[in-house]
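These protein sequence lines are chains A and B, in that order.
1 is the number of the first residue of the first sequence in my numbering; add one for each residue after it.
205 is the number of the first residue of the second sequence in my numbering; add one for each residue after it.
Where hints are given, some of them may not hold.
Listed next, with one range per pair, are the computed distances between beta-carbon atoms [said to hold, decoys possible]:
hint, chain 1, residue 1, chain 2, residue 2, range
1, B, Pro351, A, Gln35, 55 to 61 angstroms
2, A, Arg173, B, Thr292, 39 to 45 angstroms
3, A, Arg78, B, Asp349, 18 to 24 angstroms
4, A, Ala166, B, Gly379, 47 to 53 angstroms
5, A, Arg78, B, Arg369, 29 to 35 angstroms
6, B, Arg282, A, Val172, 20 to 26 angstroms
Now the stretches of chain A that chain B is said to cover, found in silico as 3 or more residues with beta-carbon under 8 angstroms [what the hints assert, rightly or not]:
hint, stretch
7, 94–103
8, 127–140
Calculated directly from the structure, the hints in this document are not laboratory data.
Just so it is clear, CB atoms sit at the ideal spot from N, CA and C, and this is done for glycine as well.
Protein chains: 2
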Amino acid sequence: MTSPDLTTRRSMQFWFDFGSTYSYLSMMRIEALAQQRDVAIEWRPFLLGAIFRSFGWDNSPFVLQKEKGAYVWRDMARQCGKYGLPWTQPSEFPRRALLPLRVALVGAQQHWSGAFCKRMMQINFVDDRHIDDPDVVARALSELDLPAEAIVAAALSEQNKRDMRAQTDEAVRRGIFGAPTFFVGEEMFWGNDRLEDAISLAAR
Amino acid sequence: MTSPDLTTRRSMQFWFDFGSTYSYLSMMRIEALAQQRDVAIEWRPFLLGAIFRSFGWDNSPFVLQKEKGAYVWRDMARQCGKYGLPWTQPSEFPRRALLPLRVALVGAQQHWSGAFCKRMMQINFVDDRHIDDPDVVARALSELDLPAEAIVAAALSEQNKRDMRAQTDEAVRRGIFGAPTFFVGEEMFWGNDRLEDAISLAAR
Numbered sequence: 001m002t003s004p005d006l007t008t009r010r011s012m013q014f015w016f017d018f019g020s021t022y023s024y025l026s027m028m029r030i031e032a033l034a035q036q037r038d039v040a041i042e043w044r045p046f047l048l049g050a051i052f053r054s055f056g057w058d059n060s061p062f063v064l065q066k067e068k069g070a071y072v073w074r075d076m077a078r079q080c081g082k083y084g085l086p087w088t089q090p091s092e093f094p095r096r097a098l099l100p101l102r103v104a105l106v107g108a109q110q111h112w113s114g115a116f117c118k119r120m121m122q123i124n125f126v127d128d129r130h131i132d133d134p135d136v137v138a139r140a141l142s143e144l145d146l147p148a149e150a151i152v153a154a155a156l157s158e159q160n161k162r163d164m165r166a167q168t169d170e171a172v173r174r175g176i177f178g179a180p181t182f183f184v185g186e187e188m189f190w191g192n193d194r195l196e197d198a199i200s201l202a203a204r
Numbered sequence: 205m206t207s208p209d210l211t212t213r214r215s216m217q218f219w220f221d222f223g224s225t226y227s228y229l230s231m232m233r234i235e236a237l238a239q240q241r242d243v244a245i246e247w248r249p250f251l252l253g254a255i256f257r258s259f260g261w262d263n264s265p266f267v268l269q270k271e272k273g274a275y276v277w278r279d280m281a282r283q284c285g286k287y288g289l290p291w292t293q294p295s296e297f298p299r300r301a302l303l304p305l306r307v308a309l310v311g312a313q314q315h316w317s318g319a320f321c322k323r324m325m326q327i328n329f330v331d332d333r334h335i336d337d338p339d340v341v342a343r344a345l346s347e348l349d350l351p352a353e354a355i356v357a358a359a360l361s362e363q364n365k366r367d368m369r370a371q372t373d374e375a376v377r378r379g380i381f382g383a384p385t386f387f388v389g390e391e392m393f394w395g396n397d398r399l400e401d402a403i404s405l406a407a408r
C-alpha cells in the first residue's frame, strides 16, 4: 500500500504486533478497506511487550487478567466468524515475534509489507505455529519470491535493531497502550473496532 | 422494554453501572435497537467498583492506567459524535452511583426502567453532576411522574441492598470484568462495540 505518492495521498499509521490477537483482525482487513477509500497505510510494527513492561506488567493483560483472557478467546472466535476469517486459538499466547517484527520493519516501505505481515499473522492465529523462528520467516519470504537471506540479514543488522527500539520508543511517546492502534495525524484510535473510523477520518 | 411476555420473547441481559462511560453509550442506544429487533431487555444494574476491587484494583482501569484513561476521553467524545449523543467529560470520574443503581434494581422489572436509567446517565455524562444524591434521584423519579419517596425507600430497604449485593456477586460468578456487558443465554459480549452483535444473536 505504500507508494511513491505517499506524502500526497491521505494516509494512516497502523501500529501492530504479530502476537496481538486483535491486530490479526485488522491485519487481514486493513488493505482492502484502505484501498476502497484510497488511503495509504504506514506500517508500524512495534514491540507490544515492551509497552506492557513500561506499565510494570510482565505479560499480556489477557494473561494477567484471567476473566478478560477467557472472554477474548470467545470474542475472537465470534469476530473471525463475523469477518469470515479463519481462526485457531493459539496453543501459546502471546507468541514472541521479535524476528518477524524486525523483518516487517525492514519491509515497511516495500511492496511486500502487507503480504508478509498477513502471512505471519496466519502462521500464528490459523496454523498455530511459532513465528519467532528464522526458518519460518525465511520460508514465508521465499514463498513471496523475496530474497529471504538478504532480508533476514538486514532485519538482524544493528541499525535495524536500533530502529526497532526507536519505533517502540515512539509508540510509548505517542501514548500507545495496546494494539492495534491507528493514527490519522494526531488522532489515535485503539482496537480493531476503530479501524473503520480511522480510515473514514483519513479519507476525509 | 420488559413486558408480561418477557419469558416467551427473545431477550438479552444488559449489565451496567451509571459510573461507566461506555455504559452511557449503550444505555442511550439499546432501547431503540432492541425494539427494532423485537428483543426484550433485562436490566442488570451492578456495582462495577466491586468487580474492580475483586481484581485487587482500587479504582477504574481508566484512572489506574493513565495512557488508556487519556485515550478514553478522546474516544468518548468521538463516539458520542458518531452516535449523535450529547457529551460532557465529567469533572469527577468515576462517579459513585450506589443509590441510583439500587433504584434501578427496584425498577428493573418496571416500565420506567429505561427512562430512569437514561436520565441518570445524562446527569453524569451530559449535565456533569453528582448522581449518588437522594435529591437528584428523587427529582428524576418525580419528573417521570413516579412516587419518588416510596421508590427511594424501597431502594434503601435491607432486602434491596441484599439483592444489589447478590446481583454483583452474580456478575462476578458469570465472569463479568467490565461494563457494559451483555448476555444472550450463556454468550457474553463486552463493551458498547458489541451491542449490535448481542442484539443480532438475541434476535435470531
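For each hint, the structure was consulted:
In this structure, B:Pro351 and A:Gln35 meet the distance hint of 55 to 61 angstroms, their C-beta atoms being roughly 59 angstroms apart. A C-beta distance of roughly 29 angstroms is found between A:Arg173 and B:Thr292, which places it outside the suggested range of 39 to 45 angstroms. For the pair A:Arg78 and B:Asp349, the beta carbons lie near 42 angstroms from each other, so the given range of 18 to 24 angstroms is not met. The given range of 47 to 53 angstroms is broken by A:Ala166 and B:Gly379, whose C-beta atoms sit roughly 40 angstroms from each other.
The hint said 29 to 35 angstroms for the Cβ distance between A:Arg78 and B:Arg369, and at roughly 31 angstroms that hint holds. For the pair B:Arg282 and A:Val172, the beta carbons lie near 23 angstroms from each other, so the given range of 20 to 26 angstroms is met. For the stretch 94–103 of chain A, the stated coverage by chain B is not satisfied: 0 residues place a CB nearer than 8 angstroms to a CB of that chain, which falls below the threshold of 3. Under the rule that three or more residues need a Cβ within less than 8 angstroms of chain B, the assignment of the stretch 127–140 of chain A is violated, with 0 such residues.
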